[in-house]
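Number of protein chains: 6
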Amino acid sequence: MVYLTRVEHFNAAHRLFNPGWTRERNEAVFGKCANENWHGHNYELFVTIKGAPDADTGFLFDVKKLSGIIRDHVIEKLDHRNLNMDVDFMQGRMCSTENLAIGIWQQLQPHLPADVHLHCIKLYETPRIYVEYFG
Amino acid sequence: MVYLTRVEHFNAAHRLFNPGWTRERNEAVFGKCANENWHGHNYELFVTIKGAPDADTGFLFDVKKLSGIIRDHVIEKLDHRNLNMDVDFMQGRMCSTENLAIGIWQQLQPHLPADVHLHCIKLYETPRIYVEYFG
Amino acid sequence: MVYLTRVEHFNAAHRLFNPGWTRERNEAVFGKCANENWHGHNYELFVTIKGAPDADTGFLFDVKKLSGIIRDHVIEKLDHRNLNMDVDFMQGRMCSTENLAIGIWQQLQPHLPADVHLHCIKLYETPRIYVEYFG
Amino acid sequence: MVYLTRVEHFNAAHRLFNPGWTRERNEAVFGKCANENWHGHNYELFVTIKGAPDADTGFLFDVKKLSGIIRDHVIEKLDHRNLNMDVDFMQGRMCSTENLAIGIWQQLQPHLPADVHLHCIKLYETPRIYVEYFG
Amino acid sequence: MVYLTRVEHFNAAHRLFNPGWTRERNEAVFGKCANENWHGHNYELFVTIKGAPDADTGFLFDVKKLSGIIRDHVIEKLDHRNLNMDVDFMQGRMCSTENLAIGIWQQLQPHLPADVHLHCIKLYETPRIYVEYFG
Amino acid sequence: MVYLTRVEHFNAAHRLFNPGWTRERNEAVFGKCANENWHGHNYELFVTIKGAPDADTGFLFDVKKLSGIIRDHVIEKLDHRNLNMDVDFMQGRMCSTENLAIGIWQQLQPHLPADVHLHCIKLYETPRIYVEYFG
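As given, the protein sequences belong to chains R, E, L, S, Z and W, one line each in that order. The opening position of the first sequence corresponds to residue 1 in our numbering, with each subsequent residue numbered one higher. The opening position of the second sequence corresponds to residue 1 in our numbering, with each subsequent residue numbered one higher. The opening position of the third sequence corresponds to residue 1 in our numbering, with each subsequent residue numbered one higher. The opening position of the fourth sequence corresponds to residue 1 in our numbering, with each subsequent residue numbered one higher. The opening position of the fifth sequence corresponds to residue 1 in our numbering, with each subsequent residue numbered one higher. The opening position of the sixth sequence corresponds to residue 1 in our numbering, with each subsequent residue numbered one higher.
Hints are computed from structural coordinates only; laboratory data are not their basis. Do not take every clue at face value.
In silico SDA-like cross-links for lysine to any residue, where the CA-CA straight-line distance does not exceed 20 angstroms [what the hints assert, rightly or not]:
(1) Z/K64 with R/I75
(2) E/K122 with Z/K77
(3) S/K32 with Z/K64
(4) R/K65 with S/C33
(5) Z/K77 with S/K50
(6) S/K64 with L/G31
(7) S/K32 with Z/R6
(8) L/K122 with S/K50
With the Cβ distance kept under 8 angstroms, some of the chain L side facing chain R (calculated, not the full set) [claimed, not checked]:
(9) V2
(10) L16
(11) F17
(12) V29
(13) G31
(14) T57
(15) K65
(16) I69
(17) D72
(18) W105
(19) L108
(20) H111
(21) P113
Ideal Cβ positions, reconstructed from N, Cα and C, are used throughout, including at glycine.
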């Protein structure tokens with residue numbers, strides 16, 4: 001068993017805001033992150049898959065194909081977007097880094113071949129904050 | 001003459017949009033960066049000052065004071081903000097990294113002591129794009 | 001289950017020296033690290049917690065609160081200190097990175113809420129050496 | 001139980017090429033990576049060992065000794081080499097990062113003391129691609 | 001005047017070898033870098049241009065266009081190549097990082113618009129060695 | 001003219017303390033940096049030289065020789081040392097990063113060949129603070 005990780009990048013706007021709460025409670029809980037005019041981040045996304053290397057290629061999976069799958073099904077939906085407004089799979093969810101990592105897992109998994117197992121989504125929101133989700 | 005640099009960080013939303021242009025022209029020129037629902041970045045800000053070290057302290061300038069000035073006059077205005085909507089010194093300017101670096105220079109310079117010379121504002125918009133302004 | 005990591009920073013002096021050994025044996029085992037006049041490092045501290053995201057906030061735990069707990073109970077005791085002389089929880093222990101990581105775990109764990117589980121302390125001593133402790 | 005990681009660096013040339021395939025099939029599968037005149041990388045190697053810290057030293061294992069073992073048995077064989085042509089332990093294997101990580105594990109393990117357990121070989125091929133192998 | 005930098009990446013094989021010298025002299029001067037079977041690197045390329053921001057766009061120059069010019073005229077020729085054998089503009093030159101930076105400048109400059117001035121080519125050969133060329 | 005930079009690393013203890021001042025004034029000016037039991041840093045040192053590449057080697061200067069000169073005359077004196085107590089060229093000077101960069105320049109310059117010009121000493125004290133000195 002070997003683990004292979006590909007790192008991708010996207011930029012997005014978001015805010016932390018619970019629509020079931022008053023503005024005051026949102027500001028009390030989320031502080032500056034509740035700014036109604038949004039803020040944003042450069043997200044670094046680490047996608048890790050696991051499996052056995054193929055005898056003919058030495059590859060667990062072709063990293064260019066992995067990169068293509070991530071771009072088509074995740075980056076295309078998130079890059080230069082507003083996470084709260086523009087992203088179908090985040091509708092009705094709080095746009096925390098925790099939920100975004102879970103959402104990215106759910107987007108990616110159906111598009112990987114049967115013999116490739118998604119192991120981890122690691123998502124940096126800032127250089128000092130990241131989340132990992134293992135399914 | 002010695003040069004001292006302090007690195008600070010802020011997150012913000014923005015969009016590239018010229019209000020004097022049609023939506024079509026904005027999209028043709030700025031592409032995804034014109035998204036009307038905004039996107040955002042983790043900005044890394046490098047502030048470089050120059051001068052002679054003080055004989056008693058060995059300091060060109062106390063880096064904690066420099067950090068405080070940057071935070072009070074720049075980071076406070078930019079962090080977790082919308083550059084187009086929330087930032088007084090970017091009103092009426094295109095929110096490019098070039099103009100943001102120039103704006104940060106103009107914000108900082110009046111607040112530095114007379115014997116400390118601002119040398120450079122270096123601003124990373126993404127890990128692969130940065131701007132430098134020397135006044 | 002989701003894992004959330006916060007990165008913090010501190011600077012400290014230390015030396016590797018076993019008081020039960022002769023100076024010669026200390027120098028033979030620890031080399032330059034035994035320098036009686038100390039040396040020091042910029043330590044990078046990664047604190048990882050695990051749990052389920054809250055439905056109302058999307059947070060496993062508010063990262064600002066996590067940062068505050070780390071600062072109050074760990075950084076405050078270590079930053080700009082001498083690990084051998086100034087730090088209560090390292091008294092009577094060798095000041096290796098291994099023991100420092102274990103000590104930081106013991107400092108932090110009692111101050112986290114009951115539903116937040118400390119998962120890992122990762123501590124960089126230099127950019128090329130780090131230790132991980134999982135309790 | 002504590003985990004200690006040492007990071008080392010080497011540069012090498014390689015190509016991805018299956019000698020049992022035609023040139024056309026190699027190019028179809030490996031693209032630019034099959035270039036018959038080679039290409040190369042700066043590899044970053046993370047070696048993680050696990051065990052209990054020694055009471056007298058505070059060390060899981062002396063990191064300078066670990067570095068020396070890695071250099072003698074791995075870096076010496078790989079640095080400034082052609083992975084396909086110059087490296088005994090890669091003969092007859094595809095020179096993928098997956099296989100190189102497995103080969104490095106096999107090289108290192110016999111040279112570690114009995115009470116030190118090799119935990120992980122993590123190998124960056126580029127800043128955006130890495131492999132992990134846990135034995 | 002503002003300076004804008006775009007960072008690009010390529011991987012390549014090379015060797016340091018003066019064909020006018022004996023093998024012994026090449027090995028004496030270049031050591032492991034003369035390995036006849038090649039070695040290689042992940043190169044990081046920083047391209048800096050200077051000029052005045054445009055009033056309508058806020059851009060010194062569209063960074064996507066800059067990236068496209070670098071890719072078409074530099075990366076396409078260097079990525080996954082052998083610098084000594086495959087690269088037209090390095091024929092007859094020693095493949096040092098110094099000469100490669102000069103060669104990249106000469107490749108790029110004719111393809112930039114008249115009002116954009118190439119300021120610096122900065123090229124990392126390893127994380128600890130880089131060259132800058134200002135024309 | 002080409003510029004070549006080599007990056008080296010050292011760890012050291014220091015404190016900021018003016019012996020001509022009272023303890024109270026030292027603490028008022030230097031805060032935690034005046035801790036009488038010292039603190040320390042991982043310093044990153046960037047040494048930049050300038051000149052013309054040699055026609056036969058393509059080198060401005062052999063980077064391995066440059067590294068050797070830096071190690072012999074600078075790193076050997078600073079690594080795992082106490083800057084205030086152990087370093088001859090810092091005696092009688094405040095141990096600020098500004099003065100340390102100037103001291104390193106003075107140590108290195110006499111040991112470089114006549115046709116190699118020292119251009120810049122850049123010294124990181126922490127990942128967010130650095131000093132540059134150009135002679």
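Structure-based check of all given hints:
no. : hint              : in the structure
1   : Z/K64 with R/I75  : holds (17 angstroms)
2   : E/K122 with Z/K77 : violated (30 angstroms)
3   : S/K32 with Z/K64  : violated (24 angstroms)
4   : R/K65 with S/C33  : holds (14 angstroms)
5   : Z/K77 with S/K50  : violated (45 angstroms)
6   : S/K64 with L/G31  : holds (10 angstroms)
7   : S/K32 with Z/R6   : violated (24 angstroms)
8   : L/K122 with S/K50 : holds (13 angstroms)
9   : V2                : holds (5 angstroms)
10  : L16               : violated (29 angstroms)
11  : F17               : violated (33 angstroms)
12  : V29               : violated (36 angstroms)
13  : G31               : violated (33 angstroms)
14  : T57               : holds (6 angstroms)
15  : K65               : violated (11 angstroms)
16  : I69               : violated (15 angstroms)
17  : D72               : violated (17 angstroms)
18  : W105              : violated (19 angstroms)
19  : L108              : violated (17 angstroms)
20  : H111              : violated (19 angstroms)
21  : P113              : violated (15 angstroms)
Hints 2, 3, 5, 7, 10, 11, 12, 13, 15, 16, 17, 18, 19, 20 and 21 from the list above are not met by this structure, while the remaining hints are.
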